[in-house]
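Residue numbers (this note's numbering), protein chains in the order written: chain A, 40 to 344; chain B, 509 to 685.
Quick caveat, the hints were computed from the structure, so don't treat them as lab data. Here the structure is a predicted model, which means the values were calculated and not measured. Just so it is clear, CB atoms sit at the ideal spot from N, CA and C, and this is done for glycine as well. Check each hint, because a few of them may be wrong.
[Claimed, not checked] Heads up, incomplete: computed chain A residues facing chain B, CB under 8 Å, no partners named: (1) Gly56; (2) Asp59; (3) Asp60; (4) Glu63; (5) Glu66; (6) Arg70; (7) Ile72; (8) Val75; (9) Pro76; (10) Ala77.
[Said to hold, decoys possible] Restraint ranges, calculated between C-beta atoms of paired labels, are given here: (11) Ile678/B x Ser113/A: 53 to 63 Å; (12) Gly136/A x Arg643/B: 30 to 40 Å; (13) Pro300/A x Gly680/B: 56 to 66 Å.
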Amino acid sequence: MNHFLTIEGLSKEDLDGLLDDADEFVEVLHRPIPKVPALRGKTVATMFFEASTRTKMSFEKAAKALSADTMSFSPGTSSLSKGESLKDTVLTIKAMGTDAMVVRHQSTGAPWRIAEWIDQPVLNGGDGAHQHPTQALLDSLTIRQHFGSLDGLKIGIVGDIRHSRVARSDAQAFSALGADVTMVAPRTLLPVDPSVFPAEVSENLDDVLGGLDVVYVLRVQAERGGASVFPSLPEYTARYGVTKERFARLNPDAIVLHPGPMNRGVEIEGAVADDPRALILDQVFNGVAVRMAVLFRLLGGEHDG
Amino acid sequence: MANVMDAADVDRAVRRIAHEVLEKNRGSDDIVLLGIQTRGVPLAERLAAVIEEIEGEPVACGSLDIGMYRDDLDRRPKRPLGATDVPVRLDGRTVVLVDDVLYTGRTIRAALDALADLGRPNRVQLAALVDRGHRELPIRPDYVGKNVPTSHTERVTVRLIERDGEDAVIIGARESA
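All chains, full assembly: derive it from the sequences and hints.
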């Protein structure tokens, strides 16, 4: 593995191997001193061309817990605003001495392009509406911790599937790990060709709700045009929101996940988000462990020996 | 290929080391056995079983993976991380690290670094089934199953029933040398 760009093409063994390593990093993160020297002397640059709170901080925490140094880049305060090209920006930061780059970009494929320009590992922190592979790992780890395995679980991914890189990466990971995935959304928020996802499709949440083990609630993404393709937010909430009333109709062992940031009162009711069966903060914690696993896999071995 | 220990030799060595651990520490009260992944783990479990048999009381036993602590990660093939499972607080205890083969000492250095992050034992001791020499660091074992003089070009392979279906210590030529 030279880069970590996509879930597509990873096997159950690949994914379980990364999750097994992540379990060991969970143990490290619970220690009195939650830090190991594995990547001492390495530098990880976080290059977030699009806004992020949790992914960027999570990667930085993961790198630091492995004793790597971090450098970060924010487009607002950079020379991009003076017209510097993406390639020049990347090569400039690499020349300062990085060993790996974590890239988030609003354009699909940007991390692949950057991986062609630099001879060091590139990690995809989210590209357009395409892929968000470490999110899929942390979601898979959270579900695996809770149920022991994803094999045979019924997982519903609810909401803005069309604009969601999380939905795409998650559906691929969950299905590779043996779960049955159903995408639930109004027609306007489904992909034009839903068969690109390894999943069933439903337009009615109430039809599938009772059979689910995991309800994965996606954020309504106003910044990608999500709110302009249904009549109103209250109508969205009425048909697709995970309300207290719908939560009460779930199988009593079912759990609720959300990638954040949440629009409380829109796709998820506040009381549901705060219920012990909503594992949203476990997802955040596990994010650090899976990112440690990926960084360790890419930088902790023979790669640039 | 030469067989330097067979199943009976391995068993006798484990039993003797168990007695030595008890003699040196005057009992098993403060002892924590930590097997280094991967083949140190079943050896530590065997030592724990023998010590329990002798003393009539269970002894704390866990595992340590030092994959995150190696200083030569760049030069080694990657293997998946194993479990680190420390069943009790280490502070104030006597930790006995258990490994199959003691060679350069770098694994033990990494294990000592890992221990420092996990707690502050009063004492750390080292048990190895085989000491093959060629230390590169000032590290010595407290308990040795068998001293086996080797050259760098040889490979020492420990096989254990729990992982390999048989107990044996074999010396052979290093394949890529």
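Outcome of the hint check:
1. Gly56: Since the shortest Cβ distance to chain B is 6 Å, the answer is holds.
2. Asp59: 6 Å, holds
3. Asp60: Holds: closest Cβ of chain B sits about 5 Å from Asp60/A, inside 8 Å.
4. Glu63: Holds. Min distance 4 Å.
5. Glu66: Holds: closest Cβ of chain B sits about 6 Å from Glu66/A, inside 8 Å.
6. Arg70: 6 Å, holds
7. Ile72: Given a least distance of 5 Å, the restraint on Ile72/A holds.
8. Val75: 4 Å, holds
9. Pro76: This hint holds: Pro76/A lies near chain B, its Cβ roughly 6 Å from the closest one there, short of 8 Å.
10. Ala77: 4 Å, holds
11. Ile678/B x Ser113/A: 53 to 63 Å: 57 Å, holds
12. Gly136/A x Arg643/B: 30 to 40 Å: 35 Å, holds
13. Pro300/A x Gly680/B: 56 to 66 Å: This hint holds: roughly 58 Å between Cβ atoms.
Comparing the model with each numbered hint stated earlier shows that all of them hold.
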